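*Asks:* Build out the structure end to end from the sequences listed, making use of the hints.
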Amino acid sequence: MLQVFLRKADLLFIRGGIKMTNVVLPALGEGIEKATVSYWYFKEGDKIKEKEDLVELTTDKATFNLPAPCSGILVQIIFHEGESVNIGEVLATIEEE
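For the sequence shown, the working numbering gives the first residue as 688, with consecutive numbering after it.
Mixed in with the good hints there might be a few duds.
Said to hold, decoys possible - Label pairs and their calculated CB-CB ranges:
#  : residue 1 : residue 2 : range
1  : 746       : 705       : 31 to 37 Å
2  : 784       : 714       : 17 to 23 Å
3  : 706       : 745       : 15 to 21 Å
4  : 765       : 739       : 31 to 37 Å
5  : 784       : 720       : 31 to 37 Å
6  : 739       : 719       : 30 to 36 Å
7  : 775       : 725       : 15 to 21 Å
8  : 748       : 769       : 14 to 20 Å
9  : 720       : 758       : 27 to 33 Å
10 : 784       : 713       : 30 to 36 Å
11 : 737       : 717       : 26 to 32 Å
12 : 760       : 713       : 17 to 23 Å
Unchecked claim - Below are the DSS-like pairs computed for lysine-lysine, each with C-alpha atoms no more than 25 Å apart in a straight line:
#  : residue 1 : residue 2
13 : 738       : 748
14 : 748       : 706
15 : 738       : 706
16 : 736       : 706
Derived by calculation from the structure, the hints in this document are not laboratory data.
Here the structure is a predicted model, which means the values were calculated and not measured.
Ideal Cβ positions, reconstructed from N, Cα and C, are used throughout, including at glycine.
*Replies:* So this is what it looks like as structure tokens:
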């Protein structure tokens, strides 16, 4: 299974004094431009811990889990199961604790 790591510093923004982190689909390798959301391990409102598997994604070459880039509350899922996501698009937003 492919391991994907996110650089937390690239994903932070602040909304109303609250730290928010966008979960972005990172570059996955040459020739891979998108992935399909297979399964979310959490639902909106759930507490998550940094590095926990957050979402399972599938490309034409591999299936992999994307880890949570930080601990907090999953406040928004933007792409749902079965939907395609392009590299660089925001999959979800986490409110940091």
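*Asks:* Please write out, lowest number first, the hints stated earlier that are contradicted by the structure.
*Replies:* 2, 3, 4, 6, 10 and 14
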